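Student: Protein chains in written order, with this note's numbering: chain A, 1 to 219; chain B, 1 to 134; chain C, 1 to 360.
Treat the hints with caution; some may be incorrect.
[Claimed, not checked] Mimicking EDC-like on lysine to aspartate or glutamate, the simulated pairs with C-alpha atoms at most 16 Å apart in a straight line are:
no.	chain 1	residue 1	chain 2	residue 2
1	C	Lys153	C	Asp189
2	C	Lys107	C	Glu150
3	B	Lys88	C	Glu83
4	C	Lys142	C	Glu83
5	B	Lys88	B	Glu71
6	C	Lys314	A	Asp38
[Stated by the list, open to error] Computed far set for chain C versus chain A, every beta-carbon distance over 12 Å:
no.	residue
7	Val20
8	Pro39
9	Ala114
10	Lys153
Read the hints as simulated data drawn from the structure, not as lab findings.
Just so you know, these numbers come straight off a predicted model, no measurement behind them.
C-beta: ideal position from N, C-alpha, C; glycine also.
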Amino acid sequence: MTLLDFARGPAIEVAMVVFVFGVIWRLAWLLFLPHAQDRSKAKITGGALLSGTVGSFVRHMWPAKEYAARTLVHTVASYTFHIGLAVIVFGFGQHIQFIRSITGLHWGGLPTAVISAVSVITLAALLFMLLRRLTNPVLKVISTFTDYWSWFVTTLPVVTGLAAVSHLWIRYEDLLGIHILSVCLFLVSFPFGKLMHAFLVFVTRTQTGMFYSRRGAHV
Amino acid sequence: MHDAGPFENVRTGLARAVEQEILQHLEALARDGSEAAIDLRGLPMSEADREELDGALGRGEVRATLSAMGESEVWETRFNGVWWVRHKGTDGQVIAEQVEITLLPEILKTDPADARAAAVRMREHIALRDPDRD
Amino acid sequence: MDDWVMEQGTVGEALARQGVSRRSLLKYGSYLATLMALPPTAGRAIAQSLAGAKRQSVIWLSFQECTGCIESLTRSFSPSVEEMIFNLISLDYQETLQAAAGEAAEKARLDAMAANKGKYVVVVDGSVSTRDGGIYSCAAGKTNLEVLKETAKDALAILSVGTCSSFGGIPHAHPNPTGAVPVSDIVTDKPVINVSGCPPVPEVIAGTVAYLVTFGKLPPLDRLGRPKPFFGDSIHDRCYRRPFYDKGLFAKSFDDEGARNGWCLYECGCKGPVTYNACATTKWNGGTSFPIQSGHGCLGCSEPNFWDMGGFYKTLPQPTHHHGRDIGAAAAVGAIAGAGTAVLARQRRQKAIEEEGKTK
Ligand code: SF4
Chain A
1 MTLLDFARGP AIEVAMVVFV FGVIWRLAWL LFLPHAQDRS KAKITGGALL
51 SGTVGSFVRH MWPAKEYAAR TLVHTVASYT FHIGLAVIVF GFGQHIQFIR
101 SITGLHWGGL PTAVISAVSV ITLAALLFML LRRLTNPVLK VISTFTDYWS
151 WFVTTLPVVT GLAAVSHLWI RYEDLLGIHI LSVCLFLVSF PFGKLMHAFL
201 VFVTRTQTGM FYSRRGAHV
Chain B
1 MHDAGPFENV RTGLARAVEQ EILQHLEALA RDGSEAAIDL RGLPMSEADR
51 EELDGALGRG EVRATLSAMG ESEVWETRFN GVWWVRHKGT DGQVIAEQVE
101 ITLLPEILKT DPADARAAAV RMREHIALRD PDRD
Chain C
1 MDDWVMEQGT VGEALARQGV SRRSLLKYGS YLATLMALPP TAGRAIAQSL
51 AGAKRQSVIW LSFQECTGCI ESLTRSFSPS VEEMIFNLIS LDYQETLQAA
101 AGEAAEKARL DAMAANKGKY VVVVDGSVST RDGGIYSCAA GKTNLEVLKE
151 TAKDALAILS VGTCSSFGGI PHAHPNPTGA VPVSDIVTDK PVINVSGCPP
201 VPEVIAGTVA YLVTFGKLPP LDRLGRPKPF FGDSIHDRCY RRPFYDKGLF
251 AKSFDDEGAR NGWCLYECGC KGPVTYNACA TTKWNGGTSF PIQSGHGCLG
301 CSEPNFWDMG GFYKTLPQPT HHHGRDIGAA AAVGAIAGAG TAVLARQRRQ
351 KAIEEEGKTK
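Generate the whole structure from the sequences, applying the supplied hints.
Tutor: Here you go:
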């Protein structure tokens, strides 16, 4: 069995099983967890509560005025790599085929050159994030292993993917095999660390938004 | 030729590059007699490229056809010392094609081994025809 | 006057006997040089060394195969060129081509082995059955496994012709009922050259033999034991549709606009990027065409396990296994586990509350 056979076969299969199990496990756990009853008197309900919650969610997508200037570069870099990743994952023809073979869903892809350009920009943004984490005194202190690990398993597929598309360094079958394995690493890491924020951000931000809106607080 | 898609009709610009290479080899041949050859089938040249090169080199004074395991065509281009050698199989397909920069392509010369074998053949031939001689 | 008489058993002598001139040999040398991507001036050197080379004794063994490989070689399009290889070798045993049959045939093999001990080359097409002692493929009362071991013992080198003998091929495909293995699994103490392909390109078989005879040594081999002069580049590296791949222009199905425009077949399942062979340069049927030129993706037939790569139309990034059931199961187990974890948390909380009540 070659590296590529292993990657396309058992490795990706196990990785996807672990990924799906982990994600559902954590979401179900959260859903069924006992919730403390909110004893405060609801200031708003119904449609108003909903729009308050959504408003809070949207407002939290950009830092508050007081911090905006100071964190601007960081915010822009974060958005850059998040959007970049989404474009790469959902815009590249070969990824669409991967998704299609699992879900049956498919759509038109973007030209390879666009994807390559986006990948380079994404990589630059990711590198910036790492450098910032390593140099900013506060960030450095609060960073733990899982922060670096999350960065690593996110960046690795971008690097190996770029190499595979450009046929860099070694044979294509090995590049593709390594790329798929790097994605496997990402998938198995995903549910059990900070990467899970990709799902949980919706849960937590909604919860916070609802909590304060109910009290009539505008956050 | 089966339809090769658009490629065979496309000029890739390789003809010009090969022309330059030939010039350098020709200058070397003129200088010190060193020979060289360029394989036209090993390069990713299209049919159109080869035609372009053929047109640029033109045809010169010598033209030869060989019958050895299928036909071969050899001609000197209008640049003396630059020869075009095209080998075909028995089915007429081109099996090798090269530009040789030389005073005389090897394939045109008689090989000493063939000459020796021919000498024997000729002696036998004469002996058979004129049994009484010597 | 006798000094020029050619040495018995040399290629030059064999050719002279047939009235083939040295010019033909030179022409063949040029052809081989082109084929092996050697500098064109190498043609002369090849011709010279071929003329003086001993004809190579070859014993050809056919095991679990379909005869496609020998068909590929003997029906090749440029017979006069490919037939040259029969001047380079002395084919001492080949079941399909030889006139002898039965005991006489077996004797021919044993005689050739004895006469050229340590110097003959064994060509094998077909994989070797190993299950239950290899009884699934026998000839003359002997299993292929026995014959291979016996013949390989005193061989100079083994040439595995075709994907079956090189990598197991179709007999080796899942579930491999005969326990088929490649020759290199059995013969481990002799050099084994793999000329893979289903079938291999005839020029590549002939070229490899010519290389052996010309240079008197093994060609440089890639990591799968294949001669680099022919298997050095992937189909994708030499594919004329490559510019479309690079531009991201793909045919999505065999009858869409992209297919009609001759765009890249990657998304139709082409295995060209992971397949190493000479098809894109040598082509088939005398340089007429090759699969991609005819509009179909490469199947990857010169690679190990090409039959089990998840399907000819499955693209390279797509997983080879079917996931639906496993993923569904994972989701169900995840949901149960999640609920279970939450229930445990509830119980812990309940207990804590009760205990707090007691202490109060
Ligand atoms: S058709 Fe196949 S081999 Fe040719 S460029 Fe496309 S993927 Fe590569």
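Student: Please write out, lowest number first, the hints stated earlier that are contradicted by the structure.
Tutor: 4, 6
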